[in-house]
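Its first residue numbered 1, the sequence shown is counted upward by one per residue in full-length UniProt numbering.
Hints were generated in silico from the structure; no laboratory data involved. As the structure is a computational prediction, the values presented were derived from the model and not from experiment. It is possible that part of the hints are untrue.
[Said to hold, decoys possible] Restraint ranges, calculated between C-beta atoms of paired labels, are given here: (1) Pro-150 to Glu-225: 41 to 47 Å; (2) Lys-489 to Pro-235: 47 to 53 Å; (3) Tyr-367 to Ala-266: 21 to 27 Å; (4) Lys-413 to Pro-185: 48 to 54 Å; (5) Asn-122 to Glu-175: 16 to 22 Å; (6) Pro-55 to Gly-370: 52 to 58 Å; (7) Pro-185 to Pro-50: 35 to 41 Å; (8) Ala-58 to Ser-362: 55 to 61 Å; (9) Gln-460 to Thr-238: 52 to 58 Å; (10) Asn-412 to Pro-223: 22 to 28 Å; (11) Gln-61 to Lys-136: 30 to 36 Å; (12) Gln-252 to Asp-210: 34 to 40 Å.
[Unchecked claim] Below 30 Å or equal to it, Euclidean Cα-Cα: the simulated DSBU-like pairs (lysine-lysine) are: (13) Lys-57 to Lys-105; (14) Lys-66 to Lys-98; (15) Lys-57 to Lys-281; (16) Lys-206 to Lys-134.
Ideal Cβ placement from N, Cα and C applies to all residues, glycine included.
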Amino acid sequence: MFKFKTLSGLLVMLCALLAPVIAMAQPTSFTAEAQTQTMRRGVNIIGYDPIWSDPAKARFQQKHFKIIKDGGFDAVRVNLHAFGHMDGNNRLKPAYLKTLDGVVKGALDAGLTVILDQHNFNECAKDVPACRVKLKAFWTQISEVYKDAPPQVVFEILNEPNMAVDAAWNDMVAENLAIIRATNPTRNVIIGPQSWNSLDQLPNLKLPQDDRHIIVTFHYYTPMEFTHQGASWAPAFTQLGVRWGTKGDRDQLEANFDKVAAWSKANNRPILLGEFGAYDKADMASRVAYTAAVARAAEARGFAWAYWQFDSDFVVYDVPADSWNAPIHGALIPEKASASAAVPAKEEDDILKYLINSPKVSGWAVYGEGQTHALRQDKSSVVKSALRVTVPAARPNPWDIGAAVALNGNINKGDKLVFAVMARLDSAEPTAKAQITAIIQQNEAPYTGIVSGQITLTPQWETLSFAGIAPADYPAGKANVSLHLGHIKGGVELGPVYVLNMGQ
Numbered sequence: 001m002f003k004f005k006t007l008s009g010l011l012v013m014l015c016a017l018l019a020p021v022i023a024m025a026q027p028t029s030f031t032a033e034a035q036t037q038t039m040r041r042g043v044n045i046i047g048y049d050p051i052w053s054d055p056a057k058a059r060f061q062q063k064h065f066k067i068i069k070d071g072g073f074d075a076v077r078v079n080l081h082a083f084g085h086m087d088g089n090n091r092l093k094p095a096y097l098k099t100l101d102g103v104v105k106g107a108l109d110a111g112l113t114v115i116l117d118q119h120n121f122n123e124c125a126k127d128v129p130a131c132r133v134k135l136k137a138f139w140t141q142i143s144e145v146y147k148d149a150p151p152q153v154v155f156e157i158l159n160e161p162n163m164a165v166d167a168a169w170n171d172m173v174a175e176n177l178a179i180i181r182a183t184n185p186t187r188n189v190i191i192g193p194q195s196w197n198s199l200d201q202l203p204n205l206k207l208p209q210d211d212r213h214i215i216v217t218f219h220y221y222t223p224m225e226f227t228h229q230g231a232s233w234a235p236a237f238t239q240l241g242v243r244w245g246t247k248g249d250r251d252q253l254e255a256n257f258d259k260v261a262a263w264s265k266a267n268n269r270p271i272l273l274g275e276f277g278a279y280d281k282a283d284m285a286s287r288v289a290y291t292a293a294v295a296r297a298a299e300a301r302g303f304a305w306a307y308w309q310f311d312s313d314f315v316v317y318d319v320p321a322d323s324w325n326a327p328i329h330g331a332l333i334p335e336k337a338s339a340s341a342a343v344p345a346k347e348e349d350d351i352l353k354y355l356i357n358s359p360k361v362s363g364w365a366v367y368g369e370g371q372t373h374a375l376r377q378d379k380s381s382v383v384k385s386a387l388r389v390t391v392p393a394a395r396p397n398p399w400d401i402g403a404a405v406a407l408n409g410n411i412n413k414g415d416k417l418v419f420a421v422m423a424r425l426d427s428a429e430p431t432a433k434a435q436i437t438a439i440i441q442q443n444e445a446p447y448t449g450i451v452s453g454q455i456t457l458t459p460q461w462e463t464l465s466f467a468g469i470a471p472a473d474y475p476a477g478k479a480n481v482s483l484h485l486g487h488i489k490g491g492v493e494l495g496p497v498y499v500l501n502m503g504q
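The task is simple: from the sequences and hints, build the whole structure.
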């Protein structure tokens, strides 16, 4: 088994957070599945910012793109209320296009995927015929402007079609997709179902079977009486003090996301959870629990996600204070959480007592149909003893095949957990990479996520790690750590794994 030269070295390794993924050579297009994995964790931005009417008064600045990237996010969903910036002939005004171009360039320069989300859903619900004209004019112009943009620019036809739009929505999808494909044949396009991008409407969404550059989105604010309590635009939810986090609450979340995952598998379409969050009037503990649970549930099923939103309300970033809203940021990106979630330093002689698992390679339990696995010994390798897992063909869902290790220590709400594993791809291609989800979770249904992270495997042995805060109590024997291997075609070698509970 691999041994660290010093316990100090072990501590340094275990407490390190994930580094940004090394940039790869830019392709000319992504498959929808690859694009979804690239987007991973996103945030909605600048829908209601003065930047569009007067850039000099903008709250959002170019520096915020780097802040977003450094904060652990991979994508921005830019909310475009563009109809108000058209002239009498439905031409987008030059000043608006100039501002938009600066936004796109700033995001790309920061290494972010950019979703251009047409966000005039309220206007569309009020006047469908007028909306159809303006929407087609918008995509005719935007498709031409960005036809040569890199594939990290993604189009979203319309946010949350609802009410009067519902009956016309499939026709509107077809006509605007045809406009986009005339100049952007392989650009990925995001499309969601009717009724405010409701997951229950996924079966009614009609998409062209031969167009595989489509990512399907849904939005999730269930239960509304919790997520929208006290919101001025939601008069039906005036009651304050509604909390979230019971077993029934979590069971409902898992069941709803299982429905989306089943639809995704049956229709072979990747998924973006395009909006979720809880309004500021809810108590912070419930907001954190909800935000973390939704994000982890999405990640566990291979969905990309985009939190609502960076600024304005539901905020993850305090623009006037120029700092992250630490509880919400930590719930979304545990491994990038600010000082409140940092792992405290411990004396090196004490570090091993925080282990809540056996780090032995023999402790791995592999599951899923089609895989094979065996222990291997190689005295010449950096890791002398490892578990080799072979996946002959990628499975529909990343969690269909995995490797898990039991946790034998108590986890209490607020505990700081650190995960680290030695792992590599068993590949002869030196530049090969594969991104997988690692999740500390409840070890029985509904398999609620506790802390999770994305780790990138290469053919070299590397120490991969993340850290986060437990949102609830889990007694000894009721949790495990699992690596989702179902999307890997080929072999993976797993060395020792360490899960430390550093306390509070």
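Taking the hints in turn, this is what the structure says about them:
{"no.": "1", "hint": "Pro-150 to Glu-225: 41 to 47 Å", "result": "42 Å, holds"}
{"no.": "2", "hint": "Lys-489 to Pro-235: 47 to 53 Å", "result": "52 Å, holds"}
{"no.": "3", "hint": "Tyr-367 to Ala-266: 21 to 27 Å", "result": "22 Å, holds"}
{"no.": "4", "hint": "Lys-413 to Pro-185: 48 to 54 Å", "result": "50 Å, holds"}
{"no.": "5", "hint": "Asn-122 to Glu-175: 16 to 22 Å", "result": "20 Å, holds"}
{"no.": "6", "hint": "Pro-55 to Gly-370: 52 to 58 Å", "result": "54 Å, holds"}
{"no.": "7", "hint": "Pro-185 to Pro-50: 35 to 41 Å", "result": "36 Å, holds"}
{"no.": "8", "hint": "Ala-58 to Ser-362: 55 to 61 Å", "result": "57 Å, holds"}
{"no.": "9", "hint": "Gln-460 to Thr-238: 52 to 58 Å", "result": "57 Å, holds"}
{"no.": "10", "hint": "Asn-412 to Pro-223: 22 to 28 Å", "result": "27 Å, holds"}
{"no.": "11", "hint": "Gln-61 to Lys-136: 30 to 36 Å", "result": "33 Å, holds"}
{"no.": "12", "hint": "Gln-252 to Asp-210: 34 to 40 Å", "result": "36 Å, holds"}
{"no.": "13", "hint": "Lys-57 to Lys-105", "result": "19 Å, holds"}
{"no.": "14", "hint": "Lys-66 to Lys-98", "result": "20 Å, holds"}
{"no.": "15", "hint": "Lys-57 to Lys-281", "result": "27 Å, holds"}
{"no.": "16", "hint": "Lys-206 to Lys-134", "result": "22 Å, holds"}
Going down the numbered hints, you'll see the structure goes against none, and every one checks out.
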